[in-house]
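For the protein sequence lines, the chains are A and B, in the order given.
So for the first sequence, the numbering used here puts the first residue at 26; every next one is plus one.
So for the second sequence, the numbering used here puts the first residue at 26; every next one is plus one.
No wet-lab data here; the hints were simulated from the structure.
Careful: at least some of the hints might be erroneous.
What the hints assert, rightly or not - Here are the simulated lysine to any residue pairs, SDA-like style, with alpha carbons at most 20 Å apart:
no., chain 1, residue 1, chain 2, residue 2
1, A, Lys154, B, Gly173
2, B, Lys311, A, Ala151
3, A, Lys311, B, Pro296
4, A, Lys311, B, Gly200
5, A, Lys314, B, Thr101
6, B, Lys115, B, Gly128
7, A, Lys311, B, Ala110
8, B, Lys154, B, Asp335
9, A, Lys311, B, Val105
10, A, Lys115, B, Asn312
11, A, Lys154, B, Val105
12, A, Lys311, A, Pro296
Stated by the list, open to error - In silico contact screen, one side only, chain A against chain B (beta carbon under 10 Å); selected entries:
no., residue
13, Val177
14, Ile186
15, Tyr267
Values in this document were obtained by computation on a predicted structure and should not be read as measured data.
Even for Gly, the Cβ is constructed at its ideal location relative to N, Cα and C.
Number of protein chains: 2
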Amino acid sequence: MRYCFGVDIGGTTVKIGLLEESGAIVDKWEIVTDTSEEGKNILPNIAASIEKKLEEHQIDKADIIGVGVGVPAPVTSEGVVNGTANLGWKYKEVKREMEEMTGLKAAIGNDANVAALGEMWKGGGAGEKNMIMVTLGTGVGGGVIIDGKILVGQNGAGGEIGHLCVNYEETDRCGCGNRGCLEQYASATGIVRLARQKLGQEMRPTILNKEDVTAKDVFDAVKAGDEVAKEIAVTFGRYLGYGLANLAAVADPAVFVIGGGVSKAGEVLIPYIREPYMERAFFANKNVKFVLAELGNDAGICGSAKLVLDA
Amino acid sequence: MRYCFGVDIGGTTVKIGLLEESGAIVDKWEIVTDTSEEGKNILPNIAASIEKKLEEHQIDKADIIGVGVGVPAPVTSEGVVNGTANLGWKYKEVKREMEEMTGLKAAIGNDANVAALGEMWKGGGAGEKNMIMVTLGTGVGGGVIIDGKILVGQNGAGGEIGHLCVNYEETDRCGCGNRGCLEQYASATGIVRLARQKLGQEMRPTILNKEDVTAKDVFDAVKAGDEVAKEIAVTFGRYLGYGLANLAAVADPAVFVIGGGVSKAGEVLIPYIREPYMERAFFANKNVKFVLAELGNDAGICGSAKLVLDA
C-alpha cells in the first residue's frame with residue numbers, strides 16, 4: 026500500500042490528512058498554525074507532525090508518494106509564495122523547503138485551487154476534467170480546473186473569481202479596492218449587504234430582521250416561502266449566474282461546483298444561480314451542470330494530496 | 026532536418042505552411058476551400074496538396090513530424106468537430122480522418138486558439154507561457170494559453186472572449202443573441218457601431234463621416250488628433266480593457282496579444298486599452314504586458330504547426 030499526505034494551511038489551524046493512493050483518508054488531524062516570527066515555524070511543525078504520524082502508523086517513508094500543501098496565498102507553478110496576508114510569510118520557496126524538511130516530494134498550491142482539485146477528485150466534480158469551483162464563504166474564492174489540472178496562471182492568481190466585475194454601475198467598494206466584484210454580492214457578507222439594502226426599503230412583511238440578518242437567515246427564509254427573502258436570493262443569483270456565464274465563456278467547464286458556508290443552504294440555491302446563468306451563457310456553454318460541493322472541510326487535504334499524486 | 030505542416034482552414038481558402046521544426050517557414054501556399062457536399066472534399070484536398078508539396082520539395086514523409094490543423098469551429102481535445110458555420114461539416118472526427126488520409130500524426134484546434142499558440146511561439150507572446158490573444162476582426166475572437174497549452178475546455182469553446190458580457194445595461198443584441206458582449210464594442214463592426222452612435226449626436230467638427238465610417242477611419246482620425254474620434258476610442262478601450270481585466274482575474278496571463286484587422290492601427294491602440302484595464306484589474310494582475318500581434322496571416326499556420334509539434 027502506498028500513501029500520501031495532504032496539508033491545508035489556514036490562518037489558525039493546519040489540517041493534515043494521511044491518505045491512501047486511492048484517496049481513502051486513513052487519518053486526519055489538526056495542528057496550530059504558529060504565525061509568530063513571520064511564520065518560520067509553520068513548515069517545520071508540519072514536517073515534525075508528519076514524522077510523528079508515520080511512526081504512529083508504522084509506515085515506512087519509502088511508501089509515501091509525497092506531501093501536497095495548500096496555502097492561503099497565490100502560489101506560482103514553481104511552488105513559490107511571494108507574500109501572505111495571514112501566515113506572516115514573505116517570499117518563500119515552500120516546495121523546496123518542504124522537500125528538504127521531509128525528504129518527500131512536495132507539491133504546493135493555492136488553498137482555493139487545491140480544494141477545487143479535491144472536489145474534482147472525490148467530490149461534486151468527480152468524473153469531470155473541466156470544472157470550476159466557486160467557494161461562497163466570507164469572501165468568494167474559487168478554482169478553475171482545466172483538463173484535470175489547476176489553472177495556476179503567471180502569478181499564481183488564476184481563478185480569482187471573487188473579483189470578476191459583475192456590476193459596472195456599483196458605487197460601493199470591494200475590499201480589493203474595485204467596485205462591482207462578484208464577492209460584493211455572492212459571499213456571505215455580500216448577501217447580508219444585499220439583504221440590508223432590500224430590508225431598508227421594504228414595506229411587505231418578512232421574517233427577516235434588518236438589524237440582525239445572516240446569509241443563512243436569508244436562505245432559511247427562502248425555504249419558509251418568504252417573498253422578500255426570495256427576491257434577495259434572486260439578486261444574489263443574478264450576479265452570481267451572470268459572473269459564471271462570463272467564466273464559462275473563458276474556461277468552458279463541464280460542471281460548476283458550489284461550495285463554502287453559503288452552499289450549506291443546499292439545493293435551494295441552484296435554481297437561483299442556474300436561471301440567470303442560462304439567460305446569459307454563450308450557447309456552447311449551456312449544457313453545464315451545477316452541483317454542490319461534497320467534501321466540506323476535507324476538500325483541502327484531499328486536493329493537496331491529489332496535487333502531489335499528479336506531480 | 027525534420028519538418029511539419031501547419032494548416033489554417035478558412036471559409037474560402039485553406040492556408041498551408043511547410044515549416045522546419047524550429048519554426049522557420051520553408052514554403053506556404055493556399056488552396057480553395059471546397060464547401061460543397063457538406064465539405065467532404067476539404068480534408069482530402071489538404072492531404073493531396075501535402076503529398077504534392079512533399080514531392081516538390083523532395084522531402085521524405087519519415088521526416089515529417091505531423092500536420093496541425095486550425096478549424097473555424099469549436100474542436101474538442103480529441104480532435105472532433107461537432108458542427109461548423111462555414112465549412113458544411115457536421116460531426117467530424119477531423120484528427121482521425123486527417124491521420125488516415127495523410128499517414129501523419131495530426132493535431133486539431135480551433136483557429137483562433139491556434140493563432141494564439143502561434144503568437145506565443147513566434148510572435149508577440151514569444152517567451153511567455155501564460156498568454157491571452159484577442160483578435161479584433163469582424164468579430165472578437167481569442168485564445169487563452171495556460172502554461173504553454175491552449176485552454177480547450179469541455180466543448181472546445183474555451184477562450185470565447187468575444188462573448189464576455191461587458192455591459193449589462195446594453196439593449197442591442199449581439200449576433201449570439203445576448204446583450205452587452207465584448208464583440209459589440211471591440212470588433213471592427215462594433216467600433217463602427219460606436220462611431221455611428223457618437224456621430225449621430227455630435228455637434229463638434231470631426232473628420233469622420235457618419236454615413237461611411239470604418240474602424241480604420243476612427244483610428245486614422247485618432248492619429249490626426251480628432252477629438253471626437255478619440256472619444257470613440259476611449260469608449261472602445263473602456264469596454265475592451267474592462268473585459269480583459271475580468272479575463273485576467275480568471276486566467277492570470279503574463280501578456281495580452283492584440284491582433285486582428287483592428288490591431289493594424291498599431292501602438293496607438295494600446296493606451297486606450299491599458300488605462301481602463303489598470304483601473305479595473307485585480308492587484309495581482311496589474312503587471313501584465315500589452316503587445317501587438319506580429320504574425321498577421323501566418324499566425325494560423327505557425328500555431329497549427331506548433332500544436333502538432335507539442336502533441
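Hints, one by one, checked against the model:
Taken as a hint, the Lys154/A and Gly173/B pair is honoured in the structure, with Cα atoms around 18 Å apart against an allowance of 20 Å. Note on Lys311/B and Ala151/A: the hinted pairing is violated, with a Cα-Cα distance of about 34 Å set against a maximum of 20 Å. A hinted pair counts as satisfied when its Cα atoms are at most 20 Å apart, and Lys311/A with Pro296/B does not qualify at roughly 35 Å. Between Lys311/A and Gly200/B, the direct Cα distance comes to roughly 17 Å. Compliance with the 20 Å bound is thereby established for this hinted pair.
At most 20 Å may separate the alpha-carbon atoms for a hinted pair to count; Lys314/A and Thr101/B meet this at roughly 18 Å. The hinted pair formed by Lys115/B and Gly128/B fails the criterion: a straight-line CA distance of about 23 Å is larger than 20 Å. About 18 Å separates the Cα atoms of Lys311/A and Ala110/B, which keeps this hinted pair within 20 Å; it holds. For the proposed pair Lys154/B and Asp335/B, the alpha carbon gap of about 13 Å is at most 20 Å, so the pair holds.
Under the criterion of a C-alpha separation no larger than 20 Å, the hint pairing Lys311/A with Val105/B is consistent with the structure, at around 19 Å. For the proposed pair Lys115/A and Asn312/B, the alpha carbon gap of about 19 Å is at most 20 Å, so the pair holds. In summary, the hint linking Lys154/A to Val105/B is supported, as the alpha carbons are separated by about 17 Å, within the 20 Å threshold. Proximity of Lys311/A to Pro296/A is assessed by CA-CA distance (about 14 Å); at most 20 Å being required, the pair is judged to hold.
Of the supplied interface hints, the one on Val177/A holds, with its beta-carbon coming within about 7 Å of a beta-carbon of chain B, less than 10 Å. The interface hint given for Ile186/A holds, since its Cβ lies 6 Å from the closest Cβ of chain B, which is under the 10 Å cut-off. Annotation: interface hint on Tyr267/A holds; nearest CB of chain B at approximately 7 Å, less than 10 Å.
Checked against the numbered hints above, the structure breaks hints 2, 3, 6 and satisfies the rest.
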